[in-house]
Structure formats: C-alpha cells, structure tokens
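Q: Chain order of the listed sequences is Z and S.
One gets this note's numbering by counting positions in the first sequence from 1 and adding 256 to each.
One gets this note's numbering by counting positions in the second sequence from 1 and adding 7 to each.
Treat the hints as calculated values from the structure; they're not laboratory data.
A portion of the hints provided could be inaccurate.
[Stated by the list, open to error] Listed below are several chain Z residues computed to face chain S (Cβ distance under 10 Å; list not exhaustive):
id: 1; residue: 287
id: 2; residue: 325
id: 3; residue: 326
id: 4; residue: 328
id: 5; residue: 366
id: 6; residue: 405
id: 7; residue: 441
[Claimed, not checked] Straight-line distance between alpha carbons at most 20 Å, and here's what the computed SDA-like set of lysine to any residue pairs gives:
id: 8; chain 1: S; residue 1: 310; chain 2: S; residue 2: 341
id: 9; chain 1: Z; residue 1: 295; chain 2: S; residue 2: 242
id: 10; chain 1: Z; residue 1: 444; chain 2: S; residue 2: 359
id: 11; chain 1: S; residue 1: 183; chain 2: Z; residue 2: 359
id: 12; chain 1: S; residue 1: 239; chain 2: Z; residue 2: 443
id: 13; chain 1: S; residue 1: 157; chain 2: S; residue 2: 92
id: 14; chain 1: Z; residue 1: 295; chain 2: S; residue 2: 254
id: 15; chain 1: S; residue 1: 239; chain 2: Z; residue 2: 386
id: 16; chain 1: Z; residue 1: 413; chain 2: S; residue 2: 260
id: 17; chain 1: Z; residue 1: 444; chain 2: S; residue 2: 323
id: 18; chain 1: Z; residue 1: 295; chain 2: S; residue 2: 49
id: 19; chain 1: Z; residue 1: 295; chain 2: S; residue 2: 29
id: 20; chain 1: S; residue 1: 239; chain 2: Z; residue 2: 380
id: 21; chain 1: S; residue 1: 242; chain 2: Z; residue 2: 443
id: 22; chain 1: Z; residue 1: 444; chain 2: S; residue 2: 239
id: 23; chain 1: Z; residue 1: 295; chain 2: S; residue 2: 310
id: 24; chain 1: S; residue 1: 183; chain 2: Z; residue 2: 441
id: 25; chain 1: S; residue 1: 239; chain 2: Z; residue 2: 441
id: 26; chain 1: Z; residue 1: 413; chain 2: S; residue 2: 28
id: 27; chain 1: Z; residue 1: 413; chain 2: S; residue 2: 33
id: 28; chain 1: Z; residue 1: 413; chain 2: S; residue 2: 110
id: 29; chain 1: Z; residue 1: 444; chain 2: S; residue 2: 182
id: 30; chain 1: Z; residue 1: 295; chain 2: S; residue 2: 47
id: 31; chain 1: Z; residue 1: 319; chain 2: S; residue 2: 49
id: 32; chain 1: S; residue 1: 242; chain 2: Z; residue 2: 366
id: 33; chain 1: S; residue 1: 304; chain 2: S; residue 2: 314
id: 34; chain 1: S; residue 1: 370; chain 2: S; residue 2: 430
id: 35; chain 1: Z; residue 1: 444; chain 2: S; residue 2: 238
id: 36; chain 1: Z; residue 1: 295; chain 2: S; residue 2: 55
id: 37; chain 1: Z; residue 1: 413; chain 2: S; residue 2: 26
id: 38; chain 1: Z; residue 1: 413; chain 2: S; residue 2: 29
id: 39; chain 1: Z; residue 1: 413; chain 2: Z; residue 2: 445
id: 40; chain 1: Z; residue 1: 295; chain 2: S; residue 2: 48
What you are looking at is a predicted structure, and each value in this text was computed from that prediction instead of being measured.
Positions of the beta carbon are idealized from the N, C-alpha and C atoms, including for glycine.
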Amino acid sequence: MNHDSYPDDYIRAILNGVKSIAMVGASPVNVRPSYFAFKYLAQRGYDMIPINPGHVGKSLLGKPFVASLADIGRPIDMVDIFRNSSHIMPVVEEALKLAPLPKVIWMQLGARDDAAAERAEAAGLKVVMNRCPKIEYGRLSSEISWMGVNSRTLSSKRAPVPTQGMRLSLNRTSVGGGETAASDRAAKNRNEPS
Amino acid sequence: MTDRVPGFSTLAVHAGAQPDPTTGARATPIYQTTSFVFNDADHAASLFGLQAFGNIYTRIGNPTNAVLEERVAALEGGTAALAVASGHAAQVVVLQQLLRPGDEFIAARKLYGGSINQFTHAFKSFGWNVVWADTDDISSFERAVTPHTKAIFIESIANPSGSVTDIEAISAVARKAEVPLIVDNTLATPYLIRPIDHGADIVVHSLTKFLAGHGNSLGGIIVDAGTFDWSKNNKYPVLSEPRPEYHGIRIQETFGNFAFAIACRVLGLRDLGPALSPFNAFMILTGIETLPLRMQKHCENAKAIAEFLSGHPAVATVNYAGLSGDKYNNLARKYAPKGAGAVFTFSLKGGYDAGVHLVSNLKLFSHLANVGDTRSLVIHPASTTHSQLDDAQKTKAGAAPDVVRLSIGIEDKEDLIADLEQALTA
Ligand SMILES: Cc1ncc(COP(=O)(O)O)c(C=O)c1O
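With the hints as extra help, turn the sequences into a complete structure.
A: Next up, the structure:
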C-alpha cells in the first residue's frame with residue numbers, strides 16, 4: 257500500500273467493512289481529538305471500545321474503559337491508535353498477538369510508523385496512517401461538507417435525511433486524490449527527511 | 008478501481024451540490040435562515056464544541072454557503088474553503104489568523120488599489136506591517152524577508168495591469184522563509200490558473216468578479232491548500248496552540264490538512280463577522296456553473312480587442328499578457344495557457360485627456376469600478392480605483408495617469424470593437 261495517498265475505495269471498504277473498533281489512547285477529556293472521533297463513530301453505529309489503562313473502572317460515553325487490547329476478550333475488526341508515532345510499534349505488536357487477528361490497523365492524524373505498518377501488512381492486515389476515521393467517514397458521506405471541506409465526492413442521488421445514530425452511505429462517486437494532491441505531496445515531503 | 012478525476016467543467020456544475028435530502032430539490036436551495044434547531048442539548052453542545060458536523064448560526068456556516076465553499080475548494084484543488092462577504096473580508100480573515108501586532112507580511116506592489124489601501128491603512132492600524140516587493144524582481148521578495156515575516160501575498164494576474172505573476176518563483180521564496188504564500192486568484196479564476204498547483208498555500212478570491220460573473224453579488228472566499236505545516240517553529244500559535252475559546256482545542260491537531268479553513272471559520276468569521284448572505288452564495292453558485300464557458304469567451308474577446316487596439320493609430324501601448332511580444336507573454340504561456348484573462352490596460356497617445364475623452368464617448372462599455380462582469384467595463388484607474396496612491400505608486404501598480412483599464416465581457420466582439428473604434432475617433 258502506498259501510504260502517502262490512499263484511494264477512496266480502500267478507505268471506503270474499511271469503513272464499510274468494520275463493525276467493532278478498539279480505540280487505543282481514547283481520552284475522556286472532551287476537547288481531545290480521540291474523544292471527538294470516539295463519540296462520532298459511536299453515533300454512526302460503530303461498536304466502540306475505549307482502551308486506556310489509566311481510566312479502567314470508568315467509562316467513555318457509556319462504554320467501559322479496557323486496559324489493553326488483550327483484555328477486550330472478544331474479536332475486534334479494527335484497532336484505531338491515538339498515540340504518537342513513537343508509541344505505535346508496541347500497540348501493533350500487541351494487536352498482532354490477538355486471535356483472531358483484527359482486520360485493520362488505523363493510525364491517527366499525525367501518527368505514522370512505516371515499520372509497524374509493514375509488520376501488520378505482512379500479517380495480512382490493512383493499514384491506514386496519518387488519517388482520522390471521523391474525517392474520512394464525514395468526507396465519504398459528504399457530511400463534512402457542512403464545514404466547507406472538499407469531500408472529493410460527487411452524487412446526483414437524493415440521500416436520506418440523516419437521523420441520530422444512522423449509518424450514512426459512503427458510496428458516492430469519488431473525485432480522486434488528484435484534487436487535493438498538493439496536500440498529499442506536502443505531507444510526503446514532510447515525512448521524507450531532507 | 009482507481010478514482011477518476013472528473014474534469015473542471017463537471018466539478019463547476021456538481022462539486023458540493025446534491026439533491027436536497029428533504030425535498031429532492033436539484034438546484035441548491037437558498038437556506039435563508041439565521042439559525043438551525045438542535046436535536047437535543049448534547050447535539051447543541053457537540054456542535055458548539057466543534058465535535059459534530061452541522062449548522063448552528065449563519066455567521067459561522069450555512070448550507071447554501073457550504074455548497075459554494077466545497078465547489079470552489081474542488082475547482083482550486085484545495086482541501087476546504089470558507090466563503091465570506093467580500094474579497095476584502097477574505098483578506099482580513101486570512102491575515103488575522105497569521106499575524107499578531109508587530110508582525111510583517113510581504114505583498115506585491117502590483118495589486119488591486121483597494122488591497123493596497125487595505126494593507127497600507129486598515130492593516131497598519133492593527134499593527135500588521137506590509138512590506139512591498141516587486142513581482143518583476145523576485146529578489147526583492149527575498150530581501151524583504153525578516154524574522155517577523157508571517158506571509159507573502161500576490162495576485163496571480165494583477166489588477167489592473169493584467170500582468171502574470173511568476174507564482175513558482177515566489178513560492179520558492181515563501182518555502183525558504185517558512186511562511187505561507189497567499190495568492191489572490193480573482194482575475195484568473197481556477198479555470199485559467201490553479202495557484203495551488205504552483206505552490207500557493209492559501210488562495211483568496213473576490214467572488215464578485217469572474218467567478219460569479221454577472222456583477223450582481225459581492226462575495227469572497229478563502230481556500231486552504233492543506234500544504235502548510237502550521238505547527239513547525241511555533242510561528243502560528245492560532246493554529247498550533249490550545250485555543251481558549253474552545254476549551255483548549257488545538258486546531259491543526261484536530262483538523263489536519265484543512266485546519267486553516269476551520270480557523271478562518273470558527274475564529275475569524277465567528278468573531279469578526281463578515282458572513283456571506285446565502286442569497287449571494289446562491290447567485291454566485293449559479294454563475295460558477297458556467298465559469299468555463301464564460302472564461303473561454305472572455306479570453307477570446309479580450310485577445311481580439313487587445314489586437315485591435317495594438318493596431319490602432321491613437322493607441323500608444325497595450326499591456327495584455329496574451330499578446331505575443333508582451334512583457335508577460337512567456338509567463339502567460341506557462342501559467343495561463345488557456346488564456347490570459349480579460350482585464351488589461353492600454354494607454355493613448357493623447358495621454359490623460361484622451362483617456363477621459365474615450366471613457367466618456369463609449370456607448371456599450373460601462374464606466375464603473377468593477378471587473379469580471381458579463382458586460383464590458385472601462386475605467387480610468389488613476390482617477391478612481393488607484394486615486395489614493397501617489398504617481399510613483401500608481402505607475403508601479405500598473406495604473407499610470409495615462410492608462411485606461413478594460414474588463415472585456417462576453418458580448419459579440421465585433422460590437423465591442425466597433426464601440427471602441429467610434430469612441431477613439433469621436
Ligand atoms: C484582484 C482583486 N482582489 C480583491 C478585490 C476586492 O474584492 P471585493 O470588492 O469583493 O471586496 C478586488 C475588487 O476589485 C480585486 O479586483
């Protein structure tokens with residue numbers, strides 16, 4: 257997988273396919289990005305599991321905190337990692353010990369660890385780095401268009417009126433990464449040590 | 008399956024718009040409302056806390072305006088956009104996110120006269136200090152960089168001179184200085200030039216001109232290219248540091264490659280207040296649907312008229328970058344191969360008086376202070392749009408006392424030429 261720029265179909269298949277998401281580093285502080293994403297994904301119908309050893313015994317929006325991936329005790333489809341790039345590898349190693357394996361490792365906006373991604377891909381997992389699942393879901397459903405964001409999708413279909421907790425269709429026509437290629441190029445240049 | 012990249016004309020018609028979920032209306036409805044009801048208290052709190060996507064109050068966002076924003080972001084190849092009340096409002100909102108009192112920004116001397124005024128006087132009163140540089144001498148931009156520089160501002164095609172700016176060369180200066188390059192793309196529109204493809208980090212427009220195209224609505228827009236790393240060097244604390252007005256959210260960390268557009272909306276527009284009316288957004292959107300067709304006609308007519316004027320015995324000089332032999336023709340071929348726009352200047356052998364005489368004798372061209380209308384327009388910049396500048400500044404801005412500016416419309420070019428001919432010989 258080219259991790260500088262993902263085809264929409266790759267992201268779409270992941271977000272349409274997974275049902276349960278364990279969020280490593282989920283924060284109970286309601287201005288942290290992980291809290292935003294956790295709440296949004298739960299509202300869109302995903303089975304969310306907050307992982308944070310510092311908050312065991314408490315819960316996040318009604319979901320009890322779990323100390324580690326190994327403690328979940330049931331199969332999960334995706335691990336969404338809200339940690340800095342330097343803390344990714346141990347989480348991926350832990351995820352790769354789960355049986356059955358999760359299908360997807362997702363690293364949050366700003367987080368990227370190519371070696372960890374390689375390990376996960378070698379084990380047959382799909383990997384997304386430096387993206388936010390909330391933003392990608394909002395983009396592919398075009399819900400994020402309320403914020404003037406370029407969803408890079410088009411549709412001539414009438415969408416249902418969204419209600420709370422409803423899964424939105426992500427199957428709009430993609431305009432292709434080409435339209436925001438400048439942003440992808442800039443991110444790539446930043447990642448490559450010069 | 009790989010993602011297809013639709014052509015410009017398809018995006019001009021479709022990007023951002025979809026049938027209205029409630030009614031099925033295919034044209035974008037005008038959501039002429041100040042406010043939007045919340046589902047419940049938690050929904051309200053989520054919207055105010057920037058946790059959920061949705062509408063609160065039209066000063067911060069509106070569904071009609073959002074279609075316009077996504078449309079222009081798509082046409083420019085940006086990650087997001089924010090529509091505001093005018094081109095000037097776009098400029099103040101952009102710079103408010105970047106500059107603190109005592110900071111500097113570098114601006115091209117060849118700019119719309121109103122921008123020169125805004126930068127020289129209004130922005131000075133905010134403590135934002137403009138440092139001028141010359142687009143004909145790229146090293147003047149390099150020399151202008153200081154530790155206080157926070158941005159560089161240029162026009163892609165300059166008003167009124169119609170000269171084409173070497174965006175890539177100035178982008179290289181901005182990269183080296185680690186400041187964003189802001190390009191006012193009003194006169195080119197993304198149909199002729201996409202500044203982001205040439206290294207712009209932020210694009211601004213007066214939508215009032217060619218994008219709307221009909222001269223009936225004011226508007227402005229800010230497009231975020233998503234290319235600039237705001238957190239590097241701690242130079243842009245508005246984007247990189249916790250925001251007290253949102254309980255400590257860091258804008259770049261939370262919104263990634265469209266953080267700048269979000270900052271402009273939730274800090275700039277929210278607090279400064281220059282919101283675009285949804286009715287104007289609707290009018291502008293309707294105009295954008297035909298942007299490619301109109302720009303082709305504008306450019307074709309402009310070239311024919313520039314050629315006619317160059318061959319006229321009463322005309323001293325014609326400055327149109329689309330003419331071979333023009334000083335900016337090489338830059339026009341590189342940056343605007345589809346056409347060099349439709350705003351340009353010329354001077355008459357009879358000087359200032361002949362210019363005034365011409366303007367008063369034209370019957371089809373309208374004498375007014377705008378550009379980018381379906382109608383052809385004429386003005387004498389030295390006595391109007393650029394009148395606040397001294398003679399040296401006027402000349403540097405491309406608005407010397409003997410210069411007449413034309414904005415060529417989409418009428419039949421034969422009629423425009425006949426009007427100029429009769430006015431030149433009257
Ligand atoms: C190049 C350019 N930029 C900005 C503006 C200002 O736009 P507005 O009049 O919409 O505020 C103008 C208006 O003439 C312009 O020509």
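Q: Could you run down the list of hints and mark each one as holding or not?
A: Evaluation of the provided hints:
Interface hint at residue 287 of chain Z: satisfied, since its Cβ lies 5 Å from the closest Cβ of chain S, which is below the 10 Å cut-off. About 24 Å separates the beta-carbon of residue 325 of chain Z from the nearest beta-carbon of chain S, more than 10 Å, and the hint is not met. At its closest, the beta carbon of residue 326 of chain Z sits 29 Å from a beta carbon of chain S; the interface hint therefore is violated under the 10 Å criterion. Contact between residue 328 of chain Z and chain S, as hinted, is not supported at the beta carbon level, the nearest pair being about 25 Å apart and thus beyond 10 Å.
Restraint check, residue 366 of chain Z versus chain S: the minimum CB separation of about 7 Å is within 10 Å; hint holds. The beta carbon of residue 405 of chain Z comes within 4 Å of a beta carbon in chain S, closer than 10 Å, and the hint placing it at the interface holds. Interface restraint check for residue 441 of chain Z: the shortest CB-CB distance to chain S comes to about 8 Å, inside 10 Å, so the restraint holds. Distance restraint check for residue 310 of chain S and residue 341 of chain S: the Cα-Cα separation of roughly 17 Å lies within the 20 Å cut-off, and the hinted pair is therefore satisfied.
Simply put, residue 295 of chain Z and residue 242 of chain S have alpha-carbon atoms about 32 Å apart, too far for the 20 Å limit, and the pair is violated. Under the criterion of a C-alpha separation no larger than 20 Å, the hint pairing residue 444 of chain Z with residue 359 of chain S is inconsistent with the structure, at around 54 Å. A distance of roughly 42 Å separates the Cα atoms of residue 183 of chain S and residue 359 of chain Z; the hinted pair therefore is violated under the 20 Å criterion. Our distance criterion of 20 Å between C-alpha atoms is met by residue 239 of chain S and residue 443 of chain Z, whose separation comes to about 13 Å.
Taking the CA atoms of residue 157 of chain S and residue 92 of chain S, the gap is about 24 Å. The hint is violated against a cut of 20 Å. With a CA separation close to 17 Å, the supplied pair residue 295 of chain Z and residue 254 of chain S stays within the 20 Å bound. Distance hint between residue 239 of chain S and residue 386 of chain Z is fulfilled; the C-alpha atoms sit about 17 Å from each other, no more than 20 Å. Annotation: proposed proximity of residue 413 of chain Z to residue 260 of chain S is violated, straight-line Cα distance about 34 Å (limit 20 Å).
Proposed proximity of residue 444 of chain Z and residue 323 of chain S is contradicted: the alpha carbons are some 51 Å apart, above 20 Å. A threshold of 20 Å between alpha carbons decides the hint, and for residue 295 of chain Z with residue 49 of chain S the separation of about 11 Å falls inside it, so the pair holds. Of the pairs offered as hints, the one joining residue 295 of chain Z and residue 29 of chain S is violated, with about 26 Å between alpha carbons and a cut-off of 20 Å exceeded. Using a Cα cut-off of 20 Å, the hinted pair residue 239 of chain S and residue 380 of chain Z is violated, with the two alpha carbons roughly 35 Å apart.
With a CA separation close to 19 Å, the supplied pair residue 242 of chain S and residue 443 of chain Z stays within the 20 Å bound. About 15 Å separates the Cα atoms of residue 444 of chain Z and residue 239 of chain S, which keeps this hinted pair within 20 Å; it holds. A distance of roughly 56 Å separates the Cα atoms of residue 295 of chain Z and residue 310 of chain S; the hinted pair therefore is violated under the 20 Å criterion. Under the criterion of a C-alpha separation no larger than 20 Å, the hint pairing residue 183 of chain S with residue 441 of chain Z is consistent with the structure, at around 17 Å.
Taken as a hint, the residue 239 of chain S and residue 441 of chain Z pair is honoured in the structure, with Cα atoms around 17 Å apart against an allowance of 20 Å. Proposed proximity of residue 413 of chain Z and residue 28 of chain S is supported: the alpha carbons are some 9 Å apart, at most 20 Å. A hinted pair counts as satisfied when its Cα atoms are at most 20 Å apart, and residue 413 of chain Z with residue 33 of chain S qualifies at roughly 10 Å. Of the pairs offered as hints, the one joining residue 413 of chain Z and residue 110 of chain S is violated, with about 48 Å between alpha carbons and a cut-off of 20 Å exceeded.
About 15 Å separates the Cα atoms of residue 444 of chain Z and residue 182 of chain S, which keeps this hinted pair within 20 Å; it holds. In summary, the hint linking residue 295 of chain Z to residue 47 of chain S is supported, as the alpha carbons are separated by about 15 Å, within the 20 Å threshold. The straight-line distance between the Cα atoms of residue 319 of chain Z and residue 49 of chain S is roughly 17 Å, inside the 20 Å bound, and the hint therefore holds. For the proposed pair residue 242 of chain S and residue 366 of chain Z, the alpha carbon gap of about 19 Å is at most 20 Å, so the pair holds.
Restraint check for residue 304 of chain S and residue 314 of chain S: the C-alpha separation of about 15 Å stays at or below 20 Å, so the hint holds. This hinted pair checks out: residue 370 of chain S and residue 430 of chain S have alpha carbons roughly 8 Å apart, not beyond 20 Å. At most 20 Å may separate the alpha-carbon atoms for a hinted pair to count; residue 444 of chain Z and residue 238 of chain S meet this at roughly 16 Å. As the CA atoms of residue 295 of chain Z and residue 55 of chain S are separated by approximately 15 Å, the hinted pair is consistent with the 20 Å bound.
Between residue 413 of chain Z and residue 26 of chain S the CA atoms are separated by roughly 6 Å; this keeps the pair inside 20 Å, and the hint holds. With a C-alpha separation of about 12 Å, the suggested pairing of residue 413 of chain Z with residue 29 of chain S holds against the 20 Å cut-off. Taking the CA atoms of residue 413 of chain Z and residue 445 of chain Z, the gap is about 38 Å. The hint is violated against a cut of 20 Å. Under the criterion of a C-alpha separation no larger than 20 Å, the hint pairing residue 295 of chain Z with residue 48 of chain S is consistent with the structure, at around 15 Å.
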